[in-house]
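Novice: Sequence:
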Amino acid sequence: MNYDMAITGGRIVDGTGAPAYAGDVGIRDGRIVTLGKLNGEAKAVIDARGHVVAPGVVDIHTHYDAQLLWDKKLSISPWHGVTTVVIGNCGFGIAPTRREHRGLILRTLENVEGMSVRALEAGLGEDWPFETFPEYLDTVEKRGTLINVAVLLGHTPLRMFVVGPDSTRRTSHTDEVRQMKRLMREGLDAGALGFATSKSPTHVGFEGLPVPSRLAEFDEIREIASALGEAGAGMIQATIGRELSFDEFAELNRVSGRHVSWTALLGGGGVLNVGSAADQLARSRELQAAGFEVFPQVTCRPLNFEFRFDQPFLFQSMPVFAPVNRASHGEKLKYYADDTFRAAFREAVRGPVLDAWNKSVISYCP
Numbered sequence: 001m002n003y004d005m006a007i008t009g010g011r012i013v014d015g016t017g018a019p020a021y022a023g024d025v026g027i028r029d030g031r032i033v034t035l036g037k038l039n040g041e042a043k044a045v046i047d048a049r050g051h052v053v054a055p056g057v058v059d060i061h062t063h064y065d066a067q068l069l070w071d072k073k074l075s076i077s078p079w080h081g082v083t084t085v086v087i088g089n090c091g092f093g094i095a096p097t098r099r100e101h102r103g104l105i106l107r108t109l110e111n112v113e114g115m116s117v118r119a120l121e122a123g124l125g126e127d128w129p130f131e132t133f134p135e136y137l138d139t140v141e142k143r144g145t146l147i148n149v150a151v152l153l154g155h156t157p158l159r160m161f162v163v164g165p166d167s168t169r170r171t172s173h174t175d176e177v178r179q180m181k182r183l184m185r186e187g188l189d190a191g192a193l194g195f196a197t198s199k200s201p202t203h204v205g206f207e208g209l210p211v212p213s214r215l216a217e218f219d220e221i222r223e224i225a226s227a228l229g230e231a232g233a234g235m236i237q238a239t240i241g242r243e244l245s246f247d248e249f250a251e252l253n254r255v256s257g258r259h260v261s262w263t264a265l266l267g268g269g270g271v272l273n274v275g276s277a278a279d280q281l282a283r284s285r286e287l288q289a290a291g292f293e294v295f296p297q298v299t300c301r302p303l304n305f306e307f308r309f310d311q312p313f314l315f316q317s318m319p320v321f322a323p324v325n326r327a328s329h330g331e332k333l334k335y336y337a338d339d340t341f342r343a344a345f346r347e348a349v350r351g352p353v354l355d356a357w358n359k360s361v362i363s364y365c366p
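The working numbering applies: residue 1 is where the sequence shown begins, and numbers increase by one.
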């Protein structure tokens, strides 16, 4: 049989629940007609050596790190034809995490991803069955998931694990960087897809403090990335910002030899100070033309944010919101009623950061 296209030498995960196996995929008239060993010629051939070949949609940017431990269906992704998800993006996750740091990690997810701490605590329970990253992967494997999951080791839990609560306030020491690099290599050996980090000013954690990865000097990020080069495996995901942009992406690719997938190609530079979407795309193309494997992540649909003023994560990177971030629920109400705060907030949102109020919908206003 002849084929229109052949995908050869890949590691096939066919969606049946069977173990992965090495083989080829033959496609004819828009349909898969052969799995395993091909018995003919193909008009086009894709060399998939070193890659996984799987059916369905691959969602490269999700945050199911906690949810998959109580929801093996990973709702709602499979409803839309997604069969593989990547978690740990932006450097956020729940492993490695020491028992005494669990609350801080959950509060970080609450702030940066708008997740309910009560829901996270109810789902994870009091006795997490892991501390290290390999133990987390083992837990996920034992509990099982409906779809495929690839896990990035996040810089924020990694830094919290090594440096502790000070990770939100200071740079790391040389011995701490060495320890993070060792744990990164340990994670890769256990099955991590790669390393994820962020220095975006929009990523504000508990009590209004920067997430731990934002306190990392670039030398720390580069050293951790070098573990991927030594292992000859993995990828790097990074969230773009003033201190982690195209020059840094190129350097991470150079030192690791692994491709860098950056989040995200969006319209307008705003608070990130990285230029327009056209500027960002042009810069990525320049790097690719120069031989660097640096690729933007692009959404296939408009981004929608749901926010509440009792959990105002959308505004937490604004200096005017610094005291609100640390305030209790009752104290927040006092700030919102204060004329001075209201005037300062009104002025702050006139800038380029939040310029789409005409697209906002008020869904609830008691």
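Possibly wrong hints are sitting among the right ones.
No farther apart than 16 angstroms at their CA atoms in a straight line, the calculated lysine to aspartate or glutamate pairs in the EDC-like style are these [said to hold, decoys possible]: (1) 181 <-> 207; (2) 37 <-> 14; (3) 142 <-> 71; (4) 73 <-> 141; (5) 332 <-> 207; (6) 73 <-> 59; (7) 72 <-> 141; (8) 43 <-> 29; (9) 43 <-> 4; (10) 181 <-> 141; (11) 181 <-> 127; (12) 72 <-> 29; (13) 181 <-> 217; (14) 334 <-> 310; (15) 37 <-> 47; (16) 142 <-> 175.
Label-pair distances were calculated between CB atoms; the ranges are [stated by the list, open to error]: (17) 117 <-> 9: 19 to 25 angstroms; (18) 304 <-> 139: 37 to 43 angstroms; (19) 73 <-> 343: 44 to 50 angstroms; (20) 175 <-> 362: 48 to 54 angstroms; (21) 50 <-> 341: 51 to 57 angstroms; (22) 9 <-> 57: 47 to 53 angstroms; (23) 122 <-> 30: 44 to 50 angstroms; (24) 251 <-> 138: 41 to 47 angstroms.
FYI, nobody ran anything at the bench for these hints, they're computed from the structure.
Idealized CB from N, CA, C, for every residue including glycine.
Novice: List in ascending order the numbers of the hints, as given earlier, that are violated by the structure.
Specialist: 1, 10, 11, 12, 16, 17, 18, 22 and 24
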